[in-house]
Each structure stands twice: as structure tokens, then as C-alpha cells.
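Number of protein chains: 2
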Amino acid sequence: MRFNERLRSTCRKKGSFLTIGLDPDFDRIPSFLKKFESPILEFNKSIINATSDLVCAYKLNMAFYEQFGVKGWRSLKKTIELIQEDTLIILDGKRADIANTSGKYAKSVFEELKADAVTVNPYMGGDSIAPFLEDESKGAFVLCLTSNPGAKDFQHLSVNGRHIFEEVANKANEWNTNDNVGLVVGATQSQFMKKIRNIAPNLPFLIPGVGAQGGDLEETISAGKNSENEGLIITVSRNILYQSDETDFASKSRAAALYLRDQINTHLSSAKINHGT
Amino acid sequence: MRFNERLRSTCRKKGSFLTIGLDPDFDRIPSFLKKFESPILEFNKSIINATSDLVCAYKLNMAFYEQFGVKGWRSLKKTIELIQEDTLIILDGKRADIANTSGKYAKSVFEELKADAVTVNPYMGGDSIAPFLEDESKGAFVLCLTSNPGAKDFQHLSVNGRHIFEEVANKANEWNTNDNVGLVVGATQSQFMKKIRNIAPNLPFLIPGVGAQGGDLEETISAGKNSENEGLIITVSRNILYQSDETDFASKSRAAALYLRDQINTHLSSAKINHGT
Numbered sequence: 000m001r002f003n004e005r006l007r008s009t010c011r012k013k014g015s016f017l018t019i020g021l022d023p024d025f026d027r028i029p030s031f032l033k034k035f036e037s038p039i040l041e042f043n044k045s046i047i048n049a050t051s052d053l054v055c056a057y058k059l060n061m062a063f064y065e066q067f068g069v070k071g072w073r074s075l076k077k078t079i080e081l082i083q084e085d086t087l088i089i090l091d092g093k094r095a096d097i098a099n100t101s102g103k104y105a106k107s108v109f110e111e112l113k114a115d116a117v118t119v120n121p122y123m124g125g126d127s128i129a130p131f132l133e134d135e136s137k138g139a140f141v142l143c144l145t146s147n148p149g150a151k152d153f154q155h156l157s158v159n160g161r162h163i164f165e166e167v168a169n170k171a172n173e174w175n176t177n178d179n180v181g182l183v184v185g186a187t188q189s190q191f192m193k194k195i196r197n198i199a200p201n202l203p204f205l206i207p208g209v210g211a212q213g214g215d216l217e218e219t220i221s222a223g224k225n226s227e228n229e230g231l232i233i234t235v236s237r238n239i240l241y242q243s244d245e246t247d248f249a250s251k252s253r254a255a256a257l258y259l260r261d262q263i264n265t266h267l268s269s270a271k272i273n274h275g276t
Numbered sequence: 000m001r002f003n004e005r006l007r008s009t010c011r012k013k014g015s016f017l018t019i020g021l022d023p024d025f026d027r028i029p030s031f032l033k034k035f036e037s038p039i040l041e042f043n044k045s046i047i048n049a050t051s052d053l054v055c056a057y058k059l060n061m062a063f064y065e066q067f068g069v070k071g072w073r074s075l076k077k078t079i080e081l082i083q084e085d086t087l088i089i090l091d092g093k094r095a096d097i098a099n100t101s102g103k104y105a106k107s108v109f110e111e112l113k114a115d116a117v118t119v120n121p122y123m124g125g126d127s128i129a130p131f132l133e134d135e136s137k138g139a140f141v142l143c144l145t146s147n148p149g150a151k152d153f154q155h156l157s158v159n160g161r162h163i164f165e166e167v168a169n170k171a172n173e174w175n176t177n178d179n180v181g182l183v184v185g186a187t188q189s190q191f192m193k194k195i196r197n198i199a200p201n202l203p204f205l206i207p208g209v210g211a212q213g214g215d216l217e218e219t220i221s222a223g224k225n226s227e228n229e230g231l232i233i234t235v236s237r238n239i240l241y242q243s244d245e246t247d248f249a250s251k252s253r254a255a256a257l258y259l260r261d262q263i264n265t266h267l268s269s270a271k272i273n274h275g276t
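Protein chains in written order, with numbering that gives the first Met the number 0: chain A, 0 to 276; chain B, 0 to 276.
The following block holds chain A by itself, in its conformation from the complex (with noise of 0.2 Å):
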């Protein structure tokens, strides 16, 4: 089944669009943890088993475990293989090089971690994405608009009246040709969200940005749902991961990810209510 298609039905299955994201921060996971082997680990296991059934996919940003070199790796790996097939796994990485070389990205992050989708880089055009969408099974969400400050530098300049970030999703389209690409776009921009959806009506939108970095869910998911008000999912790492500092802190996150699927949900259907009729 082509990547998109898997997303879809995987959403619907779980009636969930939420997605978690397992950037685990050594200095913010409870302190009795601390005392395992593998902490990282340990606390991605609880988080997985308390959260499961309510997200989408998890989605593992790689610089929180490169950051440990090859024992980061190891944790990268193993906490994947935690993961049932029910949900899918996004691999955060920001990859992407000239062609050959994206190949070999695309071997590490589909063939060894067993990745269903990553993040790509689109600075370096076509020919290095490209690698990434051989195999229609798995999926390339492009960054596409970030909500960092930063985003202003290169994204949001101005071609014939157009963003490059509204360049990028019109590429994005034009790649598309397995149903397996998506867009990276940031939750504090729902302003140009609708613009990008405009260009590209029927990708998939990855979400960040909603809580520690800002964004209003509500105007985000009204913003940025497809025709059938879905075609996004929203990402949330801190405002879940970080509940408590005690044993109870898988509940809590349990907790805060229930709410969230259940807002978005919300949000989601009542899009329906407004636009739908």
C-alpha cells in the first residue's frame, strides 16, 4: 500500500491524528529513572506502552539520540522495535544530500531503523529527494514552512509574487507521483497554512508546533485540514512527554495525549460541521 494510503487508513483505524514525539531530553525525564542502564530507553518503553493506542504514528527526532553517539543509536534502534505495527514511525531527520548519497540516508532510515516515513531537506531539489520515495511504501514528509524564527531568512522570501515555502509545496505536488510525499508545516504560520494547502490539496501535513512553540490548535486544524477534513497530523513532544517527575509519569502522559486526540478530534469534525454542508 502506497505510504499516504497507510497514513490514511492507519488514522482512521485509530481514530487518531495525533502523533507523539519520542525526543526524549536527559535533563526533563523523571529522576528515578536515571538509575537503568538505558534511561532513554526505559522511558520511551513506558511512554510507548501508555500511549499507544491513542497516536497515529511516534515520530523520533534524531539529533536527541545522536547526541549520545553509538549508544544513542542502539536506544534509536531498540526504542522502534518497541513499536507496534498498528502504529507508523516517523523518523525526524532533516535529511538530504545529492543524489547517491541520499540513497544511503534512505537505506539507514528505511532498511536498518525500519522507518515508515521520514523529514527531508528541500534545499537540494528533486534528485535528492528523490531516493527517498523510491519505495512507494514509505513515505517523505518535505520541510516546507518551519515555525521557527528563522523560517523568515529563506522560506518566506518572495519569487514572482510567491514564497519559496509555496515553491516548495508546489515541487512537493509535482514529486508526488507515488503517493508518498507529505509536507513539514509549522502550527505558528496557519496564516500561510491555507495557502500551502491550496497548493497542495491532497498531501499530508505534519504538524509541529502546537504548545511549547506556539501555535493555536484550533486555527491550525481549520487552517490546514484537506476536503475530507483530515490529511494532517499534529506532533507533539513536551507537552506530553513531561507531566511528572514521579512513577505516575507515563499516566499523566497518558493523560495529556488522550485530551490532545481527543481535541484535535473535536476540532476535526466540528471543521466538518462548518465547511462540510
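Hints in this document: simulated from the structure, not taken from any laboratory.
Built from N, CA and C at the ideal position, the CB exists for glycine as well.
Worth double-checking, as some hints may not be accurate.
To be verified - Looking from chain B toward chain A, a few residues come up when the C-beta cut is under 7 Å (computed):
#  : residue
1  : Pro38
2  : Leu40
3  : Ala49
4  : Asn60
5  : Ile97
6  : Lys103
7  : Lys106
8  : Tyr122
9  : Pro148
10 : Asp152
11 : Lys251
Stated by the list, open to error - Quick list of in silico lysine-lysine cross-link-like pairs, DSS-like style, CA-CA up to 30 Å:
#  : chain 1 : residue 1 : chain 2 : residue 2
12 : A       : Lys33     : B       : Lys106
13 : A       : Lys33     : A       : Lys77
14 : A       : Lys106    : B       : Lys151
15 : A       : Lys106    : B       : Lys13
16 : B       : Lys151    : A       : Lys34
17 : B       : Lys113    : B       : Lys44
18 : A       : Lys151    : A       : Lys113
19 : B       : Lys106    : A       : Lys77
20 : B       : Lys13     : B       : Lys34
21 : A       : Lys44     : A       : Lys33
22 : B       : Lys33     : B       : Lys70
23 : A       : Lys70     : B       : Lys33
24 : B       : Lys77     : A       : Lys70
Fit chain B to the known structure of chain A by using the hints.
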């Protein structure tokens, strides 16, 4: 010492502006090495022993190691440990993310892997690059203009009569408050290299693409050198690494590296004769 000064001083001391890309392709390394436990590490060791007096730096593209997962990261770390202190280590990972996350990547490449410099992708803007520049003794080469076909997709788009890659060069100049920013400029686009040199007269250029990607060395050097007839390093991988499938492979690589080092020096000094008086 600030990174750009370290680079300048290393090039002068060693009389070399050549960088070898240690990007070992398992299918192309001599077959007799494949009996070793880590053929790639054996290969790298032989190449380093045979060439370390001829290069200012080794550049390791992370994808070539990551394709082997945990084992690949171990080879990457062990390869770096083989490189002597008089030679710089550039990790080519083309990373960048929101600031907090880029900080983890910076920790990974500079503290965990002990590299001297990295390559970074500018798409997410200034705050995504800043964490790589905090330690002034470490450097970051910002992707500016690459030599692959996809460079035309975004890098060549025109904003107010100026290409996006010129905007990147301009921003990189602004970011260079610690004298530790460089630019990646592909050798096949030397007609644009002069433009970039004019925008960023003092930034060192890391130039890939000579040879396997088709750039012409003399033209590249003439267009890319700074006013002191230096300010660039040329990185070559396949055209040095794969010279023989026999036990003489390392000495043949040495011969190829020696030839290239001397060619680069000749072109730099003839540039001096042509333009310096």
C-alpha cells in the same frame, strides 16, 4: 583559535588545500578487505595512513556510515580517532533543525564525535545554524550552491534579481561574527562561484564536485579563490579512493592525492601570478 583561522593555518602549514572525502562504498572497496571484521574501518585506516601528510582535512559523509546503523556509527567514531591532530575533521551531515534540536546535533558532531567542522543546511534559517557556531573553534560550512541537478529547483530561484544561493551567501556573511562560517559551493557551477566570492570575500569555500561530478579544477580555483589566492578547500572522494582493487590500493590513492594536491597548489599559485601583481 577561531575555526577559519585554524583552517587557514592548517592549509599553510601542510601546504595543502586538498580534502579527502572518506565515504567508503562497501561495493567498491578492495575485495580482499572484506575478510576483516570491519572492512570499512580497515579501508579508512589504510587510506589515512597513506595520505594524511597530503591533506588539510578529511571529510566524512555521515550517510555512508549511517547506512550500517549502530555498526556504522562505531566505524565513524573509530575512523575519526585514527586521524591525527594536525589534520582537520569535517563531518558532512547537512543537518539543521529548530535551535534546541540543532544544539543536540552540535553536541553530537563536536562533543561526541569530536569533529572540527560540519556541513549544515540553511533552509530553516539563522537560529537553526547558530548552535553550530557557538564554539568559535568549531566551524560550519553552510550549503550555498550545490552541483547536483536539483540545485535549480530552489537555489537558482531569483529574489529581486538575486539568486537564493546569493541570499544564503549574504546571510552566512552576517552569521560569521565568530569567524567560523564557511560555504559549500559545488564545482560544476563555477560561473556562479565568482558571484558568491564577491558577496562573501572572506568565507572559506568547501568545494565538492571536482571529478566524479564533472567540475573543472583550474576554472573552479580561479573563480573561487579569495584575494590572498587561498580561502578554498577542494574535497575529492571517489577519484582518490578507488584506484585499485589490489593490495596496492592505498599507495595508488596516495599517488592520486599527491597529484591533486599539486594540481591545486599549481592553480592557486598561477592564479597568484595572473592576478596578484
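Against the structure, the hints come out as follows:
Violation of the interface hint for Pro38(B) is found here, the shortest Cβ-Cβ separation to chain A being roughly 16 Å, above the 7 Å cut-off. The restraint placing Leu40(B) at the interface with chain A is violated, with a minimum CB-CB distance near 13 Å, outside the 7 Å limit. A distance limit of 7 Å between C-beta atoms decides the matter here; for Ala49(B) the minimum to chain A is near 24 Å, and the interface restraint is violated. Below 7 Å, beta-carbon pairs count as interface contacts, and Asn60(B) has one with chain A at about 6 Å; its hint therefore holds.
Taking 7 Å as the C-beta contact cut-off toward chain A, the hint placing Ile97(B) at the interface holds, the least distance being around 5 Å. Taking 7 Å as the C-beta contact cut-off toward chain A, the hint placing Lys103(B) at the interface holds, the least distance being around 4 Å. Using the Cβ-Cβ criterion of 7 Å, the hint placing Lys106(B) at the interface with chain A is satisfied: the shortest such distance is roughly 4 Å. For Tyr122(B), the interface hint holds, since its Cβ comes within 7 Å of a Cβ in chain A; the closest pair sits about 5 Å apart.
For the restraint placing Pro148(B) at the interface with chain A, the shortest Cβ-Cβ distance is roughly 5 Å, inside the 7 Å limit, so the hint holds. Satisfaction of the interface hint for Asp152(B) is found here, the shortest Cβ-Cβ separation to chain A being roughly 3 Å, below the 7 Å cut-off. The interface hint given for Lys251(B) is broken, as the beta carbon of that residue sits about 22 Å from the closest beta carbon of chain A, more than 7 Å. Between Lys33(A) and Lys106(B) the alpha-carbon distance is near 20 Å, which keeps this suggested pair within the 30 Å criterion.
Our distance criterion of 30 Å between C-alpha atoms is met by Lys33(A) and Lys77(A), whose separation comes to about 18 Å. Taken as a hint, the Lys106(A) and Lys151(B) pair is honoured in the structure, with Cα atoms around 26 Å apart against an allowance of 30 Å. In summary, the hint linking Lys106(A) to Lys13(B) is not supported, as the alpha carbons are separated by about 37 Å, beyond the 30 Å threshold. Taken as a hint, the Lys151(B) and Lys34(A) pair is broken in the structure, with Cα atoms around 52 Å apart against an allowance of 30 Å.
With a C-alpha separation of about 18 Å, the suggested pair Lys113(B) and Lys44(B) falls inside the 30 Å cut-off, and the hint holds. For the hint linking Lys151(A) to Lys113(A), the alpha-carbon distance of about 34 Å lies beyond 30 Å, and the restraint is violated. With a C-alpha separation of about 22 Å, the suggested pair Lys106(B) and Lys77(A) falls inside the 30 Å cut-off, and the hint holds. As the CA atoms of Lys13(B) and Lys34(B) are separated by approximately 35 Å, the hinted pair breaks the 30 Å bound.
The hinted pair formed by Lys44(A) and Lys33(A) meets the criterion: a straight-line CA distance of about 14 Å does not exceed 30 Å. Taking the CA atoms of Lys33(B) and Lys70(B), the gap is near 15 Å; set against the 30 Å cutoff, the hint holds. Between Lys70(A) and Lys33(B), the direct Cα distance comes to roughly 26 Å. Compliance with the 30 Å bound is thereby established for this hinted pair. Distance hint between Lys77(B) and Lys70(A) is fulfilled; the C-alpha atoms sit about 14 Å from each other, no more than 30 Å.
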